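Chains as they are written, first to last, in numbering that gives the first Met the number 0: chain D, 0 to 225; chain Z, 0 to 891.
Read the hints as simulated data drawn from the structure, not as lab findings.
These figures come from a predicted structure and were not determined experimentally.
Be careful, since some hints might not be right.
Capping the alpha-carbon separation at 20 Å, the derived lysine to any residue pairs in SDA-like fashion look like this [said to hold, decoys possible]:
#1 Z:K512 with Z:L502
#2 Z:K732 with D:R18
#3 D:K101 with Z:D704
#4 D:K101 with Z:K732
#5 Z:K791 with Z:R756
#6 Z:K210 with Z:L189
#7 Z:K24 with Z:E146
#8 D:K101 with Z:L751
#9 Z:K732 with Z:K582
#10 Z:K791 with Z:A825
#11 D:K101 with Z:G157
#12 Z:K210 with Z:P182
#13 D:K101 with Z:E146
#14 Z:K512 with Z:R495
#15 D:K101 with Z:T705
#16 Z:K732 with D:E84
#17 D:K101 with D:A39
#18 Z:K512 with Z:E542
#19 Z:K791 with Z:K732
#20 Z:K732 with D:G217
#21 D:K101 with Z:G710
#22 Z:K582 with Z:E542
#23 D:K101 with Z:R350
#24 D:K101 with D:G186
#25 Z:K582 with Z:P563
#26 D:K154 with D:L109
#27 Z:K24 with Z:A171
#28 Z:K791 with Z:V762
#29 D:K154 with D:E84
#30 Z:K52 with Z:I87
#31 Z:K512 with Z:L496
#32 D:K101 with Z:M431
#33 D:K101 with Z:E542
#34 Z:K791 with Z:L720
#35 Z:K210 with Z:G157
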Amino acid sequence: MTARILIVEDEAPIRRFLRIALEAEGHLVSEAATAHEGLALAAKEAPAAMILDLGLPDADGISVLRGVREWTQMPVLVLSVRSDEAGKIAALDAGAQDYVTKPFSTGELLARLRGLLRDRAVEGGSAFLTLGPLEIDAADHRASLSGEDLRLTRKEFDLLWLLASHAGRLVTQDMILRAIWGPAHAGDSQYLRVYIRQLRAKLGDDAADPRWIFTEPGVGYRLAAG
Amino acid sequence: MPDPARPTPEALLPAARREGRGHLKVFLGAAPGVGKTYAMLQAARSRAAEGTKVLVGVVETHGRAETEAMLRGLDVLPRRPVYHNGRILQEMDTEALIARRPDLALIDELAHSNLSGGQHDKRWQDVEDVLAAGIDVYTTLNVQHVETLNDTVARITGVRVRETVPDSVLEAADEIALIDLSPDELIARLRAGKVYVQDQAARAVANFFAKGNLTALRELAMRTAADRVDAQLQEHMAVHAIEGPWPTQERILVVLPEGSIGRDAVRIAKRSADRARVEWLAVALTSLRAEARAEDSTSPALRLAERLGAEVTVLQADGAAEAELLDFARRHNVRRIVVPRPPIRGFLARRLMPRPQEQVVAGLLRGATRFELTLVTDEDSPGRRTPRAASPSLPDAGRNFALVAGAVAATTLLAVLADRFIPVFSLSLLYMTMVVAVAARLGRWPSVAAAVLSFLVYNVLFTEPRFSLRIWSQGQFLTLLLFLAASILTGNLAARLRDRAILQRAISDRTRKLYDFSRRAAAAASVDDVVWAAVSHVAAVLECDTILLLPDDAGQLAVVGAFPPEDRMEPRETSAARYAYDKGEPAGRGSATLPASRWLFLPLSAAERRIGVLGLTYADGREPAPGDRHLVEALADQVALALERVRLADDLAQSRVLSETERLRVALLSSVSHDLRTPLVSILGAAEGLDQAGLAPDGRAQLVDTIREEGERLDRYIQNLLDMTRLGHGALKPRTTTVDLRELAGAARHRLRGALRDQPVEVAIPADMAPAEVDPVLIEQVLVNILDNARKYAGPRSPIRMSARTERGRAVLVIEDDGPGLPPGAETQVFDMFWRADQGDGGQSGTGLGLAICKGIVEAHGGRIRAEAVHPDGHGTRITLDLPLWNPEVSA
Numbered sequence: 000m001t002a003r004i005l006i007v008e009d010e011a012p013i014r015r016f017l018r019i020a021l022e023a024e025g026h027l028v029s030e031a032a033t034a035h036e037g038l039a040l041a042a043k044e045a046p047a048a049m050i051l052d053l054g055l056p057d058a059d060g061i062s063v064l065r066g067v068r069e070w071t072q073m074p075v076l077v078l079s080v081r082s083d084e085a086g087k088i089a090a091l092d093a094g095a096q097d098y099v100t101k102p103f104s105t106g107e108l109l110a111r112l113r114g115l116l117r118d119r120a121v122e123g124g125s126a127f128l129t130l131g132p133l134e135i136d137a138a139d140h141r142a143s144l145s146g147e148d149l150r151l152t153r154k155e156f157d158l159l160w161l162l163a164s165h166a167g168r169l170v171t172q173d174m175i176l177r178a179i180w181g182p183a184h185a186g187d188s189q190y191l192r193v194y195i196r197q198l199r200a201k202l203g204d205d206a207a208d209p210r211w212i213f214t215e216p217g218v219g220y221r222l223a224a225g
Numbered sequence: 000m001p002d003p004a005r006p007t008p009e010a011l012l013p014a015a016r017r018e019g020r021g022h023l024k025v026f027l028g029a030a031p032g033v034g035k036t037y038a039m040l041q042a043a044r045s046r047a048a049e050g051t052k053v054l055v056g057v058v059e060t061h062g063r064a065e066t067e068a069m070l071r072g073l074d075v076l077p078r079r080p081v082y083h084n085g086r087i088l089q090e091m092d093t094e095a096l097i098a099r100r101p102d103l104a105l106i107d108e109l110a111h112s113n114l115s116g117g118q119h120d121k122r123w124q125d126v127e128d129v130l131a132a133g134i135d136v137y138t139t140l141n142v143q144h145v146e147t148l149n150d151t152v153a154r155i156t157g158v159r160v161r162e163t164v165p166d167s168v169l170e171a172a173d174e175i176a177l178i179d180l181s182p183d184e185l186i187a188r189l190r191a192g193k194v195y196v197q198d199q200a201a202r203a204v205a206n207f208f209a210k211g212n213l214t215a216l217r218e219l220a221m222r223t224a225a226d227r228v229d230a231q232l233q234e235h236m237a238v239h240a241i242e243g244p245w246p247t248q249e250r251i252l253v254v255l256p257e258g259s260i261g262r263d264a265v266r267i268a269k270r271s272a273d274r275a276r277v278e279w280l281a282v283a284l285t286s287l288r289a290e291a292r293a294e295d296s297t298s299p300a301l302r303l304a305e306r307l308g309a310e311v312t313v314l315q316a317d318g319a320a321e322a323e324l325l326d327f328a329r330r331h332n333v334r335r336i337v338v339p340r341p342p343i344r345g346f347l348a349r350r351l352m353p354r355p356q357e358q359v360v361a362g363l364l365r366g367a368t369r370f371e372l373t374l375v376t377d378e379d380s381p382g383r384r385t386p387r388a389a390s391p392s393l394p395d396a397g398r399n400f401a402l403v404a405g406a407v408a409a410t411t412l413l414a415v416l417a418d419r420f421i422p423v424f425s426l427s428l429l430y431m432t433m434v435v436a437v438a439a440r441l442g443r444w445p446s447v448a449a450a451v452l453s454f455l456v457y458n459v460l461f462t463e464p465r466f467s468l469r470i471w472s473q474g475q476f477l478t479l480l481l482f483l484a485a486s487i488l489t490g491n492l493a494a495r496l497r498d499r500a501i502l503q504r505a506i507s508d509r510t511r512k513l514y515d516f517s518r519r520a521a522a523a524a525s526v527d528d529v530v531w532a533a534v535s536h537v538a539a540v541l542e543c544d545t546i547l548l549l550p551d552d553a554g555q556l557a558v559v560g561a562f563p564p565e566d567r568m569e570p571r572e573t574s575a576a577r578y579a580y581d582k583g584e585p586a587g588r589g590s591a592t593l594p595a596s597r598w599l600f601l602p603l604s605a606a607e608r609r610i611g612v613l614g615l616t617y618a619d620g621r622e623p624a625p626g627d628r629h630l631v632e633a634l635a636d637q638v639a640l641a642l643e644r645v646r647l648a649d650d651l652a653q654s655r656v657l658s659e660t661e662r663l664r665v666a667l668l669s670s671v672s673h674d675l676r677t678p679l680v681s682i683l684g685a686a687e688g689l690d691q692a693g694l695a696p697d698g699r700a701q702l703v704d705t706i707r708e709e710g711e712r713l714d715r716y717i718q719n720l721l722d723m724t725r726l727g728h729g730a731l732k733p734r735t736t737t738v739d740l741r742e743l744a745g746a747a748r749h750r751l752r753g754a755l756r757d758q759p760v761e762v763a764i765p766a767d768m769a770p771a772e773v774d775p776v777l778i779e780q781v782l783v784n785i786l787d788n789a790r791k792y793a794g795p796r797s798p799i800r801m802s803a804r805t806e807r808g809r810a811v812l813v814i815e816d817d818g819p820g821l822p823p824g825a826e827t828q829v830f831d832m833f834w835r836a837d838q839g840d841g842g843q844s845g846t847g848l849g850l851a852i853c854k855g856i857v858e859a860h861g862g863r864i865r866a867e868a869v870h871p872d873g874h875g876t877r878i879t880l881d882l883p884l885w886n887p888e889v890s891a
């Protein structure tokens, strides 16, 4: 799977190792060091995905994100620093698909990127997802783990489907609540916490040592990509 | 003298005091025009010729050509212009003079008074500064300006000069050159227009320059110079321990009884002391009653004594003053007592109405058997009414007489009514009762008046023949006399009781004022509190304006409090305050220094340390009465102590904070240099290793691992530093939400999955445990830090156990390891910044921040964190967190 990836990052060493890693994966890489340059390249080259640093010298990374979102839904992976939960959430709200926290492992970044590109591939609207032993059928609302029916309630299924269709990617609490309970319940993390617990129990997942559902404290959840 | 061959310390003192100071040479003359300035310039020229760096600070030529000629070729300091009453005048620029640092400065007219704007009011104070800077000074002085000779000169010439120089300045001079000119020659010079005459003397110039006057002045100047030579000889002998005929340290005491003037007595004592070369003391006697009434006749004399160099004391004495006085004299090794003689009055007057002054003199005559007693006629005494404590003002006397007359009338009415029932002679008891009552209420003299009046009325109305002053029987006459005597006696006794009561009240009032302040000061927690308590209390007690100045960081006195509130002071007052602060002596109004000031400034010092200055002034410009002076001095001591106490407490707290800050700074530096650099060394080393040719694939993988692990370690360290900074700024506000602790434990483990891959972690948190109400991001950080610590100290493959439970409405989270455990007693220290357990070789060092951050975060949640040993032998570490549980009712 070869794709053109745009890296918008002002630190040359980071750009360099990202380029090496991405090219080793067989991708084509464009580099931009400023927000201005990034937007220009995004428009000119129409890359398959963008890796965007939030701290750029000439403008806020979020403004690049908004600029890009005006004409394309291409996946955007944000690079942020820890203890900037507000910045991460703002980026996700502005349309970023996922983030990694600096310093990040190249392996993790590549895995996330693969997830984003795969999403892109399935975006046709398939009603059937397979994540390793987990099989989910949206048509008749059934999910099974290693062939065994999970017997999910309606909401549990919706939750699992939402997470699975973004497998490997972060889904914020806010996104989940809006999608499943409606905009009126946007702040109701209580519901979510209870449903996640139930879903975990049915998946046989241990919150203390998760296999399927990973918690990003204060931000959201991520379903393992298989 | 224990060892006659060795100089006494007292003898060495003057010499030592001059050590490092410049030498002062005074050119002393009898009158203007004798050629002092000329002589001074001449001497200076010859010094300059020897190569001495001479600088003319100020020289008044008064247009004399010969003087101007002498000035030529000498280095002259530019004068400082001073604005005074709309005119620009020239003054000596003392600061510039000192800054130029000449070897020798010429400063003319020592007695000159500076105009406003200078540091000092008097030129001799400037000269002191110059000398203190180690610069030699030549100066000129006329004998009439010497403080103690001022009166004498005024008496001789009829001209009094206001500008005087304290004797001590002249005494401190290292050399005195007498510039002598015979009166005839001086008069000839005067006629030739060669003499400039000062303004003050201009009107009396004819008198002043009379030959008789000049002769007297000349003698005075010569004697002064001779005294000085004598004194130098004495000093020389003392310093070199030459046995000489100087007297032992027996001193002279001048006593100033209440009601005396005593200035002459002070002068005579001073002269005697000078002649005998002994120290002298002055004691003013004052009664509480006089103090309570703010009556004070002796304070000018006392101040004069202070100015003339006496050791000054005020003794409070009521009644037996002489006993206390003689005791004081004995203790101070006094040989001779000088006392002003009271005006002579008749025997009866002395007996019946003794004045304190007479009592003191009589007491001294009786008791001072071992002393030489000198009586000095008190000036202005004959005909002068001594201000007496009991003398009432005129309206008072009128009112008292009316009251007495009323009392007698009332008693008489009662007696007339009672006449029918009781024997006539018993009626006298009615009168006597009334007299005692009058004595108790109005005092001694009204009671005597009442007794005499009663005697007359009783005689007229109740003794046969009635309605006449005549008395028939001898028995009746005697009875009446006895009545009069008894009335006066009992009246006197009652009056004395009344006096005692008044005194007691005055004493207790005073004590109360002091006590009140010490109570207020004790309650004051800050310097500001003490300052406010001080100014308001002194103002209230003395009914004056007060101000308090403390030195700022630059050592400049600044107003810190005043009553009524005021935050600045006139520059003129500042110099008096400065003087009081620098010298530790009172200055300003009513003191020896800068008496023209509106304020009296008292230095505040405690434990040998200058603290500040307390100033007071009365709206009507009077000087504080001596009684008030004592009270305010006692208050000043208390203010100083209170300020010192508060300041010491502040210093202590500050030094604690400082040493804590310093400790942290050192710890941070060593931590940064060590913990930041160690991982970098590994990373750089590994990176270079990767570059080597012929590297085995296994070695390559290890080097890559090293780079990754050390990079992660660096990241954790930086994260810790950032967290600590946020905690330190109080910027950390938990954004709490409901959180499953089991989920949080999972997230923390996930984040540490690299470091913990060989670590068995056992989690015993019930899946259905009630959620906690915490900030998930921060508490995850806490768990990461604790787990990382456990891994580091317990070592790889050593198990870590996490468990949680609810307890009394709180979530309790426990993390245990089986490592070596904490050093005994370190259970609280582990949470200090940069604390770390000592590790042997090979142990991985921590940053000493992890647990401090945990503590900060947990406490920001209103929770608690503690550390303890797991096993009884001290092995294993258990960290227990206490966190708030989710409360559905509150959140809903």
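These are the hints, each one checked on the structure:
Distance check on the hinted pair: Z:K512 and Z:L502 sit about 15 Å apart at the alpha-carbon level, within 20 Å; holds. A C-alpha spacing of about 39 Å is found between Z:K732 and D:R18, which places the hinted pair above 20 Å, so the restraint is violated. A C-alpha spacing of about 18 Å is found between D:K101 and Z:D704, which places the hinted pair at or below 20 Å, so the restraint holds. Annotation: proposed proximity of D:K101 to Z:K732 is violated, straight-line Cα distance about 23 Å (limit 20 Å).
The suggested pairing of Z:K791 with Z:R756 holds, with an alpha-carbon distance near 13 Å, which does not exceed 20 Å. Among the hinted pairs, Z:K210 with Z:L189 is consistent with the structure: their alpha-carbon atoms are about 12 Å apart, no more than 20 Å. With a CA separation close to 18 Å, the supplied pair Z:K24 and Z:E146 stays within the 20 Å bound. With a CA separation close to 15 Å, the supplied pair D:K101 and Z:L751 stays within the 20 Å bound.
Restraint check for Z:K732 and Z:K582: not satisfied, since their Cα atoms lie roughly 55 Å apart, outside the 20 Å limit. As the CA atoms of Z:K791 and Z:A825 are separated by approximately 17 Å, the hinted pair is consistent with the 20 Å bound. Pair hint D:K101 plus Z:G157 does not hold up; C-alpha atoms about 99 Å apart against a cutoff of 20 Å. Distance check on the hinted pair: Z:K210 and Z:P182 sit about 6 Å apart at the alpha-carbon level, within 20 Å; holds.
With a C-alpha separation of about 87 Å, the suggested pairing of D:K101 with Z:E146 is violated against the 20 Å cut-off. For the given pair, Z:K512 sits about 26 Å from Z:R495 by alpha-carbon distance, which is inconsistent with the 20 Å threshold. At most 20 Å may separate the alpha-carbon atoms for a hinted pair to count; D:K101 and Z:T705 meet this at roughly 19 Å. For the hint linking Z:K732 to D:E84, the alpha-carbon distance of about 13 Å falls within 20 Å, and the restraint holds.
The suggested pairing of D:K101 with D:A39 is violated, with an alpha-carbon distance near 25 Å, which exceeds 20 Å. The hinted pair formed by Z:K512 and Z:E542 meets the criterion: a straight-line CA distance of about 13 Å does not exceed 20 Å. Restraint check: the Cα-Cα separation between Z:K791 and Z:K732 comes to about 29 Å, which exceeds 20 Å; the hinted pair is violated. Proximity of Z:K732 to D:G217 is assessed by CA-CA distance (about 14 Å); at most 20 Å being required, the pair is judged to hold.
As the CA atoms of D:K101 and Z:G710 are separated by approximately 12 Å, the hinted pair is consistent with the 20 Å bound. Of the pairs offered as hints, the one joining Z:K582 and Z:E542 is violated, with about 27 Å between alpha carbons and a cut-off of 20 Å exceeded. Among the hinted pairs, D:K101 with Z:R350 is inconsistent with the structure: their alpha-carbon atoms are about 107 Å apart, more than 20 Å. A threshold of 20 Å between alpha carbons decides the hint, and for D:K101 with D:G186 the separation of about 28 Å lies outside it, so the pair is violated.
Between Z:K582 and Z:P563, the direct Cα distance comes to roughly 27 Å. Violation of the 20 Å bound is thereby established for this hinted pair. For the given pair, D:K154 sits about 32 Å from D:L109 by alpha-carbon distance, which is inconsistent with the 20 Å threshold. Straight-line distance between C-alpha atoms of Z:K24 and Z:A171 comes to about 10 Å, which keeps the hinted pair within the 20 Å bound. Distance restraint check for Z:K791 and Z:V762: the Cα-Cα separation of roughly 19 Å lies within the 20 Å cut-off, and the hinted pair is therefore satisfied.
Restraint check for D:K154 and D:E84: the C-alpha separation of about 28 Å exceeds 20 Å, so the hint is violated. In summary, the hint linking Z:K52 to Z:I87 is not supported, as the alpha carbons are separated by about 30 Å, beyond the 20 Å threshold. Proposed proximity of Z:K512 and Z:L496 is contradicted: the alpha carbons are some 24 Å apart, above 20 Å. For the given pair, D:K101 sits about 109 Å from Z:M431 by alpha-carbon distance, which is inconsistent with the 20 Å threshold.
Note on D:K101 and Z:E542: the hinted pairing is violated, with a Cα-Cα distance of about 73 Å set against a maximum of 20 Å. For the hint linking Z:K791 to Z:L720, the alpha-carbon distance of about 18 Å falls within 20 Å, and the restraint holds. Restraint check for Z:K210 and Z:G157: the C-alpha separation of about 14 Å stays at or below 20 Å, so the hint holds.
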